[in-house]
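Asks: Sequence:
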Amino acid sequence: MRVRVPATVANFGPGFDVFGVGIGEPHDELRFRESDEWSINVRGFPVPADGSNVAVVAAKTLASMVGEEVALRMELKKGIRPRSGLGSSGASSLAGSLAMAKVLGVEDEELILKAAMEGERAACGSAHGDNVVPAYYGDFTVIESLNPLRVHRIPVDFHVVVVLPSVEIPTREARKVLPEKVPLKDAVKNVALASSLVKALQEGDLKTVGRLLDDRLAFPYRRRLYPWWETAKKAAIEAGAYGVSISGSGPAVFAIGEDVTEIGKAIAEAFNRMDIEAEAYITVAGRGFEWF
Numbered sequence: 001m002r003v004r005v006p007a008t009v010a011n012f013g014p015g016f017d018v019f020g021v022g023i024g025e026p027h028d029e030l031r032f033r034e035s036d037e038w039s040i041n042v043r044g045f046p047v048p049a050d051g052s053n054v055a056v057v058a059a060k061t062l063a064s065m066v067g068e069e070v071a072l073r074m075e076l077k078k079g080i081r082p083r084s085g086l087g088s089s090g091a092s093s094l095a096g097s098l099a100m101a102k103v104l105g106v107e108d109e110e111l112i113l114k115a116a117m118e119g120e121r122a123a124c125g126s127a128h129g130d131n132v133v134p135a136y137y138g139d140f141t142v143i144e145s146l147n148p149l150r151v152h153r154i155p156v157d158f159h160v161v162v163v164l165p166s167v168e169i170p171t172r173e174a175r176k177v178l179p180e181k182v183p184l185k186d187a188v189k190n191v192a193l194a195s196s197l198v199k200a201l202q203e204g205d206l207k208t209v210g211r212l213l214d215d216r217l218a219f220p221y222r223r224r225l226y227p228w229w230e231t232a233k234k235a236a237i238e239a240g241a242y243g244v245s246i247s248g249s250g251p252a253v254f255a256i257g258e259d260v261t262e263i264g265k266a267i268a269e270a271f272n273r274m275d276i277e278a279e280a281y282i283t284v285a286g287r288g289f290e291w292f
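Per the UniProt record's numbering, numbering of the sequence shown is gapless, rising by one per residue and ending at 292.
To be clear, the hints were calculated from the coordinates, so they are not data collected in a lab. Owing to the predicted nature of the structure, the values given are computational and were not obtained by experimental measurement. Careful: at least some of the hints might be erroneous.
Straight-line alpha carbon distances no greater than 20 Å define the calculated EDC-like cross-link-like pairs of lysine to aspartate or glutamate that follow [unchecked claim]:
hint, residue 1, residue 2
1, Lys265, Glu25
2, Lys199, Asp17
3, Lys207, Glu238
4, Lys265, Asp275
5, Lys234, Glu279
6, Lys234, Asp275
7, Lys102, Glu144
8, Lys189, Asp214
9, Lys207, Asp259
10, Lys102, Glu75
11, Lys102, Glu37
12, Lys265, Glu279
13, Lys102, Asp36
Turn these sequences into a full structure, and let the hints guide you.
Replies: So, in structure tokens, the structure goes:
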């Protein structure tokens, strides 16, 4: 059996650890079957091919949650580059959890997602859900609570470009630079941005969504991790982007606008002028996992 799990844009502007949306490309694919012992083979981007792989961690976690002892033989086609800001560990974690759920007949969404989040914890030290949740539901998602799991969903279907430069930013390190407290004025501004963005998405007003792709909680403190940011942003806006932001903790940049192909080309060329290779994905927001 095989499952495909897409990359995700987490945070989506002002929604730190709360907003997320699945995108069609890139994606991970996991082929699996029940076996006498655990094994995992990896193709594509290099990740551990042993018990520390987050797909294995998540699968084992789900089996433990329901009191079962089952081993899987896995073959992972790793299409999402690690440390990209596109939910690479989240995709593999969800794939592993879904695989075990399929084998055991588990249909409890909360258990499946909690097991996947334990894969995230193994990867970056935090059981956050803003990657695995949208990858599972295939909508724009707003996480109200993780325990108990409460998720609000907005069906979306719009084109987006994601540009991935050839630099890496480990999520674990990006989270370390965040402060425990932020100024009140920044918190108030983020509430305004986030609530307005949700309304704009519900109305399908992408121009307003683009204008609201700002963040006062995480970005100001992570700004030093992105020395190329202003150049990439300027290129996107000049190419007609409604808005541009960092996906997750970066370095991936995403933008929405009238012509995402031209916007992606402009951003990639801006990176190239800074001697940074970059790959552009022209894709669609609002995609979740698929069995195939």
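Asks: Now tell me if each hint is right for this structure.
Replies: For each hint, the structure was consulted:
no.: 1; hint: Lys265 x Glu25; result: holds, 16 Å
no.: 2; hint: Lys199 x Asp17; result: holds, 19 Å
no.: 3; hint: Lys207 x Glu238; result: holds, 15 Å
no.: 4; hint: Lys265 x Asp275; result: holds, 15 Å
no.: 5; hint: Lys234 x Glu279; result: holds, 18 Å
no.: 6; hint: Lys234 x Asp275; result: holds, 17 Å
no.: 7; hint: Lys102 x Glu144; result: violated, 27 Å
no.: 8; hint: Lys189 x Asp214; result: holds, 10 Å
no.: 9; hint: Lys207 x Asp259; result: holds, 13 Å
no.: 10; hint: Lys102 x Glu75; result: holds, 16 Å
no.: 11; hint: Lys102 x Glu37; result: holds, 17 Å
no.: 12; hint: Lys265 x Glu279; result: holds, 9 Å
no.: 13; hint: Lys102 x Asp36; result: holds, 17 Å
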